[in-house]
Every structure is written in C-alpha cells, then in structure tokens.
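Enquirer: Position chain B relative to chain A; hints supplied.
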Amino acid sequence: MKTRVTRRSFVLTAGPAGLLLAADSDFPVRNIDFIIPKSPGGGFDNLVRVIAPALEKYLPRKVNVVPDNIPAGGGGKGIGQLYRARPDGYTIGAVDLPGSFILQEKQNGAGFDLNKITWLCAMGQPEYFCLAVGAHSPLKTFDNLKALSGTRPIKFTSSGPEGTAYAATVVGANILGLRTRLITGYKGSSDFVVGAIRGDGDAVIAPVTSIRPLEQSRTIRILATFEPHGSFPGVPDATTLGKAELSRILLDRLVGAPPGLPAAVKSTLSAAFAKSMADPRTVGLAKKFDVDLAPNSADLAAARVRESAAFFGQWKKVLS
Amino acid sequence: MLHLWLSGLGGLLQARELLFLAIGMTIGLFFGAIPGIGGATALALLTPLTYGLDPFTALALAGGVMGAVPMGGSISAILLNAPGSAPSAATCLDGHPLAQQGKAGLALGAAASANAIGGIIGTISVLAILPIAKDLVLLFGPPELFLLAVLGLIIVATASRGKMLRGLIAGALGLMIAFIGYNDVTGVLRFTAGIAYLWDGVHLVPALIGLFAVAEMIDLSVKGGAITRDAKTVGIVSVTSGLIETFRHWRTVLRGSLIGTVVGAIPGVGGTVASFLSYSLTVQASKDPESFGKGNIQGVIAPEAAINAKDCSCLIPTLAFGIPGGVEMAVFMGLLVLHGMQPGPLMLIDHQVEIYGLIWALTGACVLASLLGLLVAHPLSRITLIDSQILVPVVTAVALVGSYAVDRNIGNVVVTAVFGILGYLMIRFDYPRLTMVVALVLGSAAERNFHQTTMMSDGNLSIYLHRNVCLVLLAGIVVLLIAPLVRGRRK
Chain A
1 MKTRVTRRSF
11 VLTAGPAGLL
21 LAADSDFPVR
31 NIDFIIPKSP
41 GGGFDNLVRV
51 IAPALEKYLP
61 RKVNVVPDNI
71 PAGGGGKGIG
81 QLYRARPDGY
91 TIGAVDLPGS
101 FILQEKQNGA
111 GFDLNKITWL
121 CAMGQPEYFC
131 LAVGAHSPLK
141 TFDNLKALSG
151 TRPIKFTSSG
161 PEGTAYAATV
171 VGANILGLRT
181 RLITGYKGSS
191 DFVVGAIRGD
201 GDAVIAPVTS
211 IRPLEQSRTI
221 RILATFEPHG
231 SFPGVPDATT
241 LGKAELSRIL
251 LDRLVGAPPG
261 LPAAVKSTLS
271 AAFAKSMADP
281 RTVGLAKKFD
291 VDLAPNSADL
301 AAARVRESAA
311 FFGQWKKVLS
Chain B
1001 MLHLWLSGLG
1011 GLLQARELLF
1021 LAIGMTIGLF
1031 FGAIPGIGGA
1041 TALALLTPLT
1051 YGLDPFTALA
1061 LAGGVMGAVP
1071 MGGSISAILL
1081 NAPGSAPSAA
1091 TCLDGHPLAQ
1101 QGKAGLALGA
1111 AASANAIGGI
1121 IGTISVLAIL
1131 PIAKDLVLLF
1141 GPPELFLLAV
1151 LGLIIVATAS
1161 RGKMLRGLIA
1171 GALGLMIAFI
1181 GYNDVTGVLR
1191 FTAGIAYLWD
1201 GVHLVPALIG
1211 LFAVAEMIDL
1221 SVKGGAITRD
1231 AKTVGIVSVT
1241 SGLIETFRHW
1251 RTVLRGSLIG
1261 TVVGAIPGVG
1271 GTVASFLSYS
1281 LTVQASKDPE
1291 SFGKGNIQGV
1301 IAPEAAINAK
1311 DCSCLIPTLA
1321 FGIPGGVEMA
1331 VFMGLLVLHG
1341 MQPGPLMLID
1351 HQVEIYGLIW
1361 ALTGACVLAS
1371 LLGLLVAHPL
1381 SRITLIDSQI
1391 LVPVVTAVAL
1401 VGSYAVDRNI
1411 GNVVVTAVFG
1421 ILGYLMIRFD
1431 YPRLTMVVAL
1441 VLGSAAERNF
1451 HQTTMMSDGN
1461 LSIYLHRNVC
1471 LVLLAGIVVL
1481 LIAPLVRGRR
1491 K
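Note that the protein sequences, when read in sequence, are chains A and B. So for the first sequence, my numbering puts the first residue at 1; every next one is plus one. So for the second sequence, my numbering puts the first residue at 1001; every next one is plus one.
Next comes chain B alone, as it looks inside the complex:
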C-alpha cells in the first residue's frame, strides 16, 4: 500500500506535473471565486486542452483546479455574500456578517486554514478507506439516503431557534420548489406550467446566487454605503487571528472534516449537503447557538473544513462506480474517459498510481490555494470598503453572467433575479434562508429515495428497522429531536 502512495506522490513531484498543478490551482482559485462559474466550468473548458497531455499530467491539472475551487468560492462568499459554488453558500451565513463587521480578514484567515486542514484530514481519511471504498459506497441505499435527508432537514429545523415558525415556512417553501420538475420515479412532469426550463427543476446554483449575492446587493443598495463602514477594523483584525481561531476550534474542524469525508463518499449526495450539515451540527453543538448567522467564526470554519474534506472522498463513488457526486465530478469523469480511464471497480485496480497521484494533487492544490488565500486575504478584505454605487452594479452583473454561464441558459438569469428578490424579502422580514436552502438541496432526494424505499419494501416501513445504517441514522434523528427539549428543561 505504502509504495502505491509513494508512487503516486513521486509521479506528481515531477517538474511538468507540478507546473500543471500550479496552473490548475491558479485557474481553480480564479474560477471558484466567480459565482456560478465554479470548478465544473473550469474543467469543462480545460478538458479538450488535455487531449494531447499524458493522463498523469491531465490529472495533476484537474486536481489543481478541483483542489483550489473551494478557496476561491470562500473568498467571494465571505466578501460579497456571493457563493462561488453551491457548497460555499453555507460559508455566507456567518462569513459575510463578519465582513460586514469589518472582520473579513479574520473570516478569510479562518476559511483558508480550515480549508487546508479539512483537505489534509480528508486525504488521510480517503487514503485509509480507499481499500474498502466499494463496501462503504454500498452501505448507502435508498432507505439510508432518505433518512440522511430527513436528518439534514431536522438538524436545520432545530437550528432555527427563536424563529421556528418562520424557519418552517421557509423550509416548506424550499421543499415545494424542490418538487418542481420531472419526477424520476414516475416519469411525470410536475408544476412546470408548460415551461421547458422547469423540466429539470429549479437549478440550485442560480437559485443560491440569487438568494445570497443578489439579495445582498439589493439590501446594500437600499441601505447605501459600503459592506462595512469601519475602515480601521478592516486594517486591524488580522488574518493571523483567523488562523488562530481555526486551531482554537479544533473540534469544529475535526467534526466538519469527518462529516465532509463521510457525506462525500455517499454516491449522489454532494458537497452542499456536507457543508450545510456541518454548519447545522456546529450550531446544534454550540453553547451559544443564537450567535450563528450574526458572525460566529465557527460558522465559517465548519463548512470550510467539510467542503475540502468532501473533495477527496467524493472521488470514491466517482472512481469506484462511476457515480459522480456533483456536476464538477461529472465533468471530471469526462476527462478520465478522454484519457482512457473508465471509472468503475476496475479503475481502482488498474490505475492505482494515477488515483493516488490525483489525491496528492487535490491535497497539494488545496493547501497551496489556502496559503495563497492567506496571502491575499488582507488586500482582498478591502473590497468590503468599496461604495455600493460601484460594488452593487459590478457584483450584480457578475452574478447574473455567472448564473447564465452555469449551462448557458437564460432561464438561470430569471431564477437568479426571482430568488434575489425573494432573498431580500427574507432578509427584510427576518426569515432564515438556511432552512430554505437545505430544503431545496434535500427535497427531491428525500422524495426519490422514499419512493424507491417504498418500492423496495412493498410499502413496509419496517425496512428502516432492519438495516444497521438506518438504525444509526434513526438514533441520530431521535437524539436531535429530544436534545432541545432536554436542554430547554435544564434551562
């Protein structure tokens, strides 16, 4: 085993591979920071250019892109409330309030260090579980995925303390929106109003760009001024303190990394679930849950650690069975195919050195991108001082163009605009956007897996009691439902 790790590392530590890794990292960081563009677009544009490269070099390039995208996404999420990609939306929740308080440097420092540590923990976990990767993937069938979705929804519901009714309303609205489109199980189109764009449902990334970036810009233009008014604080609060905060909250980093690793390894779940699950569980575990959403540094650390840990582990279902965990992985699979590597069980046997090389490339890019992020955090944090008259039109234009670029569809721009208005109304009337986002992410998966479980068991719900992973998840659900009651009594 060790010789394979070292062969992979040795293959990567060649001048040519390192050069392409650095190129990929720079591109990933840049593309990750632009809302909507993200890693999938970067990889899609680069894939044809790798045609003439040898497979290992192409993997170094792709690993560089994929490893650096999360850091880029965090920068725009914190500074502009504009998530570069869907998983980074969780970072907006506390990262941007910190930027508003003039603590963008602190948030960026914490994000970069949590990113790097999460990536390293993710790599170690994946290296350890790769030999049993196939068995791990097979543990999660429709019943387990349904309960995981329920768990996610409950965590969010319990996290919206103090405004439970508003949280439920936002969540219900999110679920209703998630059910729009083609039902994969029955083959029926629902709630599409004859609009072809809606056949595929409401696209998540344009919706998130609207809900966060555009809503924030509307809010900023109404209020006027800059994101933060305190130029002194921007200068004082250093990036180093963010770094220290990450080490101080090592439990949050560890929890986020483990959630990212496990969720990433489950086929078809994706990074958005990992980041929001990590965020919500951190709120749940905190002694001061009310401070989240207002600029709690743990609200930045938790999703960031999960996002990068997930990046490594989501290679498992992709490589072992050819099931991509998200759009970025799907495009990456196209690159593998172009270089004669067919994702599937045989790939884990035939291309082991390449796989380990890819894992090292991902980790290397993640750490290097984080270091670069730390270096540029201070100058970048000054973006928060730019006046809304300049910032609002620029960010709104980039957000709308980025939304269009997701799949070159004008419908995305409409979705972004509609969700922008909806997001602003939610800010204005204090409705939690977190519950809506999680419902949007998990709604259709919960429904599909429930249907499939029902078909598997002929409608017998006891199926959930006969599967070990289901029992663990059910226990988690019970604990989450009871914990707030117990806490309430103690108080």
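With the rest of the complex left out, here is chain A:
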C-alpha cells in the first residue's frame, strides 16, 4: 500500500518533531525542578541538596537546579507529579526504594508505575540498615532484644506505613524472628530515630548513615547491623547472625524522569549526574553524610529497581 505524504501532513508531523529535536539539542534552557518526595532535613533531602549545585556546574548550559520537597501522601504525590510531568528533562525527581513500591501498591490514586519511569542514575551505593536502641535503653545486646520479644512484641518507631523505613522494619524484624508493634507517623528518619532515643519505642531500624553520627556521639547503641560484614566493631552483622537475607534489605536512592524522556535529554542528564558524582567537592560533602558517591549509569539504576522489586515482592503479603 502506498502512503501519500502531502505537504500538509509533512508539516504537521515533521514540524513538531523538528522542534523537539531542536529543543533536545538546546537542553537545558531553563531551570530544572528536582522533586524530593520527602520532608526537608533527612538523608534523602541532604543528598539532593549536595548534588544539585554540582549538577548545575556540569550541565551544558547554566541553569538552576531547584530542589522541591513534595512529601505529601508519604511521597506519593511527589512521585506522581514526577511521573505525570512533561518528559522534557525539566522535571526530575529522587525516588527511594523499596518504599516507593509500597506506595505504588497502596496508592492507586497516585497513578505512577515505577517500571515506566526513565531512570537516570543512583545517588550513591545502596545503603544497609541497622537495628539500634537509645543509649539509655536497658537493652544492651541483640540477645536482650530477642529475649524481650519472647515476652511481648518489640515496639519500633518508624515512618508512615508507606515508607522505606517501614518496609525495612517489617521485613528485617520478620527475618530476625522478632515480634513487632510499630509506632508510626514520624515525619522523617531524624524524627523516628529521635523517637527511639527518647524511649517512645524499644528500638528502631534505620539506614546506617542516619545512625552512625548518633552512635559516634554515644546517643544511640547499635544492637545489630544488616551489613554482610559489619562496620561497627563488636556488633553482630547479617553473617554472624546467620541471616544473610538481611543484607538484601537495601535503601536505594535513585533519580528518575517522566516516562518517554527523549534519549538525547536522558543522555545529557545522565552524563551531568555522572560528572557530579565524581566532583571532588560533592564527593567530599556526601562522605560527611557517610554516602559514597561514584559515577554510575542509568542502566545500573534500572537494574537496582528490578532487583529491589524482586526482593521486596516476596514480602508483599507481610507489607500489605
């Protein structure tokens, strides 16, 4: 069958396509909105604010990268906004796993599909969790905690029931064979970790980066770490506890863009992110927050999404 290309249809199709290509090659010409679906002040927010200035430096044109906290709906609103934004590269967003999978499951109204997001990079290595209690807690060792679990459920302070920390707490405690009761509703990681220090609950499961400074100031005591080989001397890790699965509970901080992002824009953004994460000042600042930044690719980020989905998919029933 012959298709006749009229002048009118040519103009109608080639015109916008040409404009899009021209726009891609000019990218960026205006400020980029960097959505953070979390409250200000946590590790997630800090990392974006450290990387954003470096990103401005390595983009081909001088524009501002504006961090925008949209924590509503446990982060669902922010990710939904990212997903529905125009795929032109001017809206990017940070997404944490596994919490966002639970959001996707529970908040159909948020209307996003993590498998369709255009992944750009990972902000740092996946992060391990650890289990800690306040410095003044009567629980001195993991065995004390285990013994307490035999008499009553352990109370863990945590975020809302759709956060990454919530997922890590539920799955981690399950693997460790602890009976649990969660005290939810804290605004962010700083908030629920302080809740445990204060004695609102018995213990907390949180990312190592959130806990380490508090451990160094002797404000908190770590009873177990989910790292395969622990970085805290004398603290049992996933290997010594005989629970290798614990080291698969990882916090991933990825950067994504709306589905359908043009390849040229994706490439520009990914390259700028890779350079940002090799920038000595950015690497140094991130190191202060215990995050090791290293250049990585969009493919690696997409692989982390698949891996996290596979692991936490097994725990879907417990989490729901």
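Worth flagging that the hints you see were computed from the coordinates, not collected in a lab. Just so you know, not all the hints are guaranteed correct.
DSS-like mimics (lysine-lysine), calculated; alpha carbons at most 27 angstroms apart, straight line [said to hold, decoys possible]:
(1) K1134(B) to K288(A)
(2) K1134(B) to K140(A)
(3) K57(A) to K287(A)
(4) K62(A) to K275(A)
(5) K1163(B) to K1287(B)
(6) K1163(B) to K1294(B)
(7) K317(A) to K116(A)
(8) K287(A) to K1134(B)
(9) K275(A) to K287(A)
These numbers come from a predicted model, not from an experiment.
Expert: Just chain B now, with coordinates in the frame of chain A:
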C-alpha cells in the same frame, strides 16, 4: 564556655561577615514584609549563592535573614493585617485594630522593641541551655506534645470570652479543616475529594493570608475609605510611646520571651504555636481581657517577644537532632548541608564556634532590624491613610502572588481566596478568627501525637500520669479550666 561565645562573636565581627549580615538583614526585612514570601523563600533563593562563600560567612548571611524576617512580618501584619509569615498572624489580632485607630506608629514601635528584647532574652536563654540542649529536646515525646496541643486549644477556648459558642464553632471548623489530608500514622488519605493538592492538607500560610489579609481587604472595600481616617492621630501617636509601652509591660515581654524559648526548643512545634500561645496566655492573665482584639498594645507585645525568642531556641532541635521546627529551618538545614555541616549531635561538638556565631548573627540582625523598623515606622504608618481604591487591589494582588510563591502552587491561591471569604464572613458575623487559627495549627499535631501515645502505651491512658512533663502540663490544663470559674465567682 565563655571563650566559645567570644570566638563566635569574634568570627562575626569581621568586615566581610558584618557586610553579609547587613545584606541578609535587609533581604530578611524586605522578604518578611511580603505575605507568603517569608524567610523560607529568601533562604531558598540565597542558598545556592552561598556555594562559593566560606561556612561562617554563609551563616552570617542566613542569620541576618532569619533574624530580620519577624520584624518585616510585623510591619505588614500591623499595617495591612497581612501576616508576612504564619507566626506574625497573632500580631494582626491587636496590631491592625491599633492601625485602624490611627495608632500604627505606637504598634510598630512596640512591636520593634518587643522584637529586639525578645531576641536578646531568647539568645541569653539559648546560650544558657545549649550545653543541655539534647536533654531538653528529649523531654518532649508524643504524650507531652499532645497535652501541649490540648493546652493551646484550651487557652484559646477560655480566651474567647463573651462569645464562647462562636469560638467553639470556629475552633471546631478549624479542627475539621486540620484533619484534611494524608494521615501520617495510618497512611490513609482523608477528606481530599480526589484533589491532589489536599493530600498535604490545607496549607497554613495561604490560609492565614486569606483569613487575615484578603478578609481585611474585602472588609475595607465594602466599607470604603482608608484603614484609618484620622490623619492627625497617625501623626501624633509617636513610635517612642510604643517603645515606652513595651518597657511598661515588661512582664508580658518576659512571659512571651520565655514561651518563645521553650516552645521553640520543642521539635516540630514551630513559631506559630509560640506566638499564639503567648498571645492567649496574655489575654488569660489580663485584668481586662475584653479589650484584646480591639487594639490592646499587650496583644502586640506578647506575640512579638515570643516570635523572636523562638527564632534562637528553634536552632536547638534543628542543630541537635536535625529536626526542623518549620519550613524556614528546613531550608536553613539545606544551607548547612551545602557547607558540610550535618545537623545532629556531632554538630554541637564539631562546629561550636559556627553555632555561637550564628546565634550572635541572629541576635544582631534582630536588634538591627528592630532599630530600622523603629526608624521607618512613622513614614510606614502613613500607609494606613491610603484610600481603599488603591490599597485593596495592590494588597490583594501581593497577597495572592505571595500565597502562590509559598511553593509555586496555584492551589494556594484558591485556598487564600476561599479563606478570604470565610474570614470576611467571620468579621461580619463576629466569629473569633483566633480559635480557628489555633485549631488549624494544632489540630493535626494533636491527633498524630495522640495516636502515637496510644500506640506507645497500648491504649493505656495512665501514661500521662507517669511522666513528669505531662504532670506539669496536666496541672496547667486544670488551672486554666478552673481559673475562669473562680474568677466568675469572685465577680
């Protein structure tokens, strides 16, 4: 300890740091005066520009902004009934009626001096408690925060004498609005009607801009004329008399400053609670409570002293644990991060000189901004003589743009407009806006902390009787409930 205070002060008293402090102060004063823009926006815009500055200079700049914003907020609250930021809304309650009576200079003078004294008292308190800051923050868990919220609600209820039923209706409406949005405890969305904007609840600042600024402009356009008609009084009532009033009511200043210091140090409570709590307790303590809301100068002094005292003490939870007391502090934390300072217990050890420098910067900016406020109070008070045909469109436009600028969301403009109409109806039918505002501020915090307390104690309410701070708060609640009855009998 003393050498750290002096090192911080010495670091600030360098030409470069003083220059940036002055720049920050000017920006803070300007941004603070524009409804909705406030310190958070100013800091957010400035933070990327500090990338090339050394940390101490960046802190001087930020301290300048944060220290001056309250004074800017007071100016617009008094003159236009348009709070620059949420805490300044309490100043509207008596500050604007004074402006309507032609006493804007008096109100501005009192606000500026209460601001400066509150800031100084706040600084002294914070310097004294910084070594035990961590312990203080840890005193307030969900049970204490719930009782504090209840205390705030009761104070307001008892403050709305003479129109108790209307006060309760307004308060109940405020609570219902406060419950809209995502429930952090259960992870459930409530009353959002499928509107994504409402997932985060009704935003406080756009609501307050509507309730005060827009409502006032509607009222003014209905009545016609200017805010005040008495040009002679505007000229006569001097700024100096405001200054004298502040010293005459030293008890109110002291009470406000202490409330600001304590409330600021509690994580996640924020300045709005401090200013309204201070206002309500002043009404409660007054021998002439009926005069509040009609232009009682103590109604200006009390919140102003609390707001600036709070500015210093809310550094405690922010720096000690990384829990920001409000949006402005959250943005400020971003600036700290950008300069390699991670808020948390180690910051109190590793960056002591910077922290003391910041405290001095905040105090310096607060005092300087107040002095500047005193200087410009008289010419500014003449704004109240501008005719409504010019003033109403200008203020309404600024209010709506400011509301949009809070987080660049058009939904904010709708909220401001709706609350503007609601506020006007409340003025028209004499419903107290104070009770609604306090319910809006405290509602969700009260609910969340009650839920968490219930989870902590497995539903056993005796938890409130086993904690020392809870017992103090419970005693306060009992006293507040009984005091009006006792007073009534005596009369």
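Enquirer: So, for every hint listed, does it hold in this structure?
Expert: Against the structure, the hints:
Annotation: proposed proximity of K1134(B) to K288(A) holds, straight-line Cα distance about 21 angstroms (limit 27 angstroms). For a cut-off of 27 angstroms, the pair hint linking K1134(B) to K140(A) stands: about 22 angstroms separates their Cα positions. With a C-alpha separation of about 19 angstroms, the suggested pairing of K57(A) with K287(A) holds against the 27 angstroms cut-off. A C-alpha spacing of about 15 angstroms is found between K62(A) and K275(A), which places the hinted pair at or below 27 angstroms, so the restraint holds.
At most 27 angstroms may separate the alpha-carbon atoms for a hinted pair to count; K1163(B) and K1287(B) meet this at roughly 18 angstroms. Using a Cα cut-off of 27 angstroms, the hinted pair K1163(B) and K1294(B) holds, with the two alpha carbons roughly 14 angstroms apart. Between the alpha carbons of K317(A) and K116(A) the distance comes to roughly 23 angstroms, so the proposed pair stays at or under 27 angstroms and holds. Only pairs whose Cα atoms come within 27 angstroms are accepted, and K287(A) paired with K1134(B) is accepted, the gap being roughly 25 angstroms.
At roughly 16 angstroms between alpha-carbon atoms, K275(A) and K287(A) fall within 27 angstroms of each other, so this suggested pair holds.
When held up to the earlier numbered hints, the structure conflicts with none and fits them all.
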